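Number of protein chains: 2
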Amino acid sequence: MDLSRNGHPNTKPAPKAVVGRVSLYLRQLESLQRQGLTKTSSHQLGEPFGIKNAQVRKDLAFFGQFGRPGIGYHINDLILVLRRILGVDKDWPLILVGLGNLGRALLRYRGFQSRRFHIVAIFDTDPKKIGQTYQGVTVEPLDALRKGIAAHKTSLALLCVPADAAQRVADLMIAVGIRGILNFAPVPLAVPPQVSVIAVDLSIQLENLAYKVQGSLDGVSWAG
Amino acid sequence: MDLSRNGHPNTKPAPKAVVGRVSLYLRQLESLQRQGLTKTSSHQLGEPFGIKNAQVRKDLAFFGQFGRPGIGYHINDLILVLRRILGVDKDWPLILVGLGNLGRALLRYRGFQSRRFHIVAIFDTDPKKIGQTYQGVTVEPLDALRKGIAAHKTSLALLCVPADAAQRVADLMIAVGIRGILNFAPVPLAVPPQVSVIAVDLSIQLENLAYKVQGSLDGVSWAG
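Chains as they are written, first to last, in the numbering used here: chain B, 81 to 304; chain L, 81 to 304.
Simulated from the structure, these hints should not be mistaken for laboratory data. Check before you lean on any hint, since a few could be wrong.
Identical copies look the same in the list; a pair holds intra-copy or inter-copy alike.
Said to hold, decoys possible - List of simulated lysine-lysine pairs, PhoX-like, C-alpha gap at most 20 Å: (1) K209 with K292; (2) K292 with K170; (3) K132 with K209; (4) K233 with K292; (5) K292 with K96; (6) K233 with K170.
Note that the coordinates shown come from a computational prediction; the quantities given were computed from them, not determined experimentally.
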């Protein structure tokens, strides 16, 4: 494999769409590894997601030269490299701010743990929740944010507070060292350039789905 | 406004990215309406999301000609038109399949209710959950899916079952009339062309965030 020291021949970060697809290829590689396979192809990596093999090759080429024509990719090697590139070859401590229903669901979301994301601290403003323990983590008041982030050396946060508190809490988190926010509040956040935000607005995704579906409903029979 | 009968001058559906941004403009319009304003501009519609006014104009032009140079957009009118275009000018009954932690959080997610999405039926395979009532809805066995979908005339489903059950349950839902699936299971679904799927894989979004953040962590001090 032709890799620079950090496994990343490009100096600028890959576009979001490329990173998203590489996450999918990694999932497929892990699935193939569990099935006991040792080699795979661009076709096999993209096929479950409807991604063409030329696109798979182009996406992977962004990070280095893997695999060989006629031979394909070594599954174990490529998993290690992609995990390193994506930053999931290590544990990522997370903080969770806002322990409503969604916060509680995220706390138990197995998808995070299996990708080595661990919620190490929980913050809320509700006196009834502060001091309670959920999934082995004790809820702390928002005032303790700075101390908690320093103690756990976390830079990623799940923001699950109500919409009208989101910007204020985000400002607070950024002031004490948070660099990445997965925002579940249905409002856009204004953040400085060194901070990354990914918004998860479930109602927008449902709206997109409704838009796609509404055109195809004429003549549908539910009596089936 | 220059609109065809159904408010949709294009015959083919708008690209996903356009629909997603139009959902954001609608949110901003509703926010301006709540502030008592009656007129707005492309700049004001895109500004909270960092979208340039030329892009706003181009996105809206996909659906018709709204607003006038020098005058701008009538907020109330544009809200009504965009709601109709997006299909959120009516109630959308949803079914929820799989009542784990995430399912329970979605059941209480206010963002759905405020966009007129209502969970009208819940299905699970766990005998301990079947017959129980959550948020006023009684959990039914998966066998009752066909009858439940016919009774509620639903075409949208939230799929919150474990990964290894997702494809089987999706097949079942599609066979009885579901046309749109918001998939929370961390696996891709194979579906026929008349069915739409939007995947919500929270761990992929967190991976994308970790990727963005890992490059910017050198020299960060958590001691603040």
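Comparing the hints with the structure gives:
no.: 1; hint: K209 with K292; verdict: neither (40 Å within a copy, 32 Å between copies)
no.: 2; hint: K292 with K170; verdict: between (39 Å within a copy, 15 Å between copies)
no.: 3; hint: K132 with K209; verdict: neither (49 Å within a copy, 42 Å between copies)
no.: 4; hint: K233 with K292; verdict: between (43 Å within a copy, 17 Å between copies)
no.: 5; hint: K292 with K96; verdict: between (24 Å within a copy, 9 Å between copies)
no.: 6; hint: K233 with K170; verdict: within (14 Å within a copy, 47 Å between copies)
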